[in-house]
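Peer 1: Make a model of the complete structure from these sequences and hints.
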Amino acid sequence: MNEIYSRLAAIIEDVADIPQDEFNEDSSLMMDLDLASLEIMAIIARIEKEFSIKFTEDELLSVETLRDAVEVISAK
1191 MNEIYSRLAA IIEDVADIPQ DEFNEDSSLM MDLDLASLEI MAIIARIEKE
1241 FSIKFTEDEL LSVETLRDAV EVISAK
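With the first letter of the sequence shown counted as 1, position 6 gets the number 1196 in our numbering; the numbers rise by one all the way through.
These aren't lab readings, by the way, just hints derived from the structure by calculation. Keep in mind that a hint or two might mislead.
[To be verified] Here are the simulated EDC-like pairs of lysine to aspartate or glutamate, each with C-alpha atoms no more than 20 angstroms apart in a straight line:
(1) Lys-1244 with Glu-1261
(2) Lys-1239 with Asp-1207
(3) Lys-1244 with Glu-1254
(4) Lys-1244 with Glu-1229
(5) Lys-1266 with Glu-1249
Peer 2: So, in structure tokens, the structure goes:
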């Protein structure tokens, strides 16, 4: 889980320009990180490319925190 989180954190830092020390696994994408929908879509696109996966609509709707995202990615 740590490797996935590290890669995910690097994507968020790159796309949203938020330093990794300002968020953790329990941070909410919308509430804590204050990401706009376009930023979230850009992050999703990068995750899908980086991990060679495709999210279903149900998986996307289930992700609220970074921990949720790591769990969905781990299950792929």
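Peer 1: A separate judgement is required for each hint: does it hold in the structure or not?
Peer 2: Checked hints:
1. Lys-1244 with Glu-1261: It holds: about 14 angstroms lies between the C-alpha atoms, which stays within 20 angstroms.
2. Lys-1239 with Asp-1207: Holds: Lys-1239 and Asp-1207 sit about 19 angstroms apart, inside 20 angstroms.
3. Lys-1244 with Glu-1254: holds (17 angstroms)
4. Lys-1244 with Glu-1229: Given that 20 angstroms is the threshold and the Cα spacing comes to 18 angstroms, the pair holds.
5. Lys-1266 with Glu-1249: Roughly 11 angstroms separates the two Cα atoms, so the pair holds.
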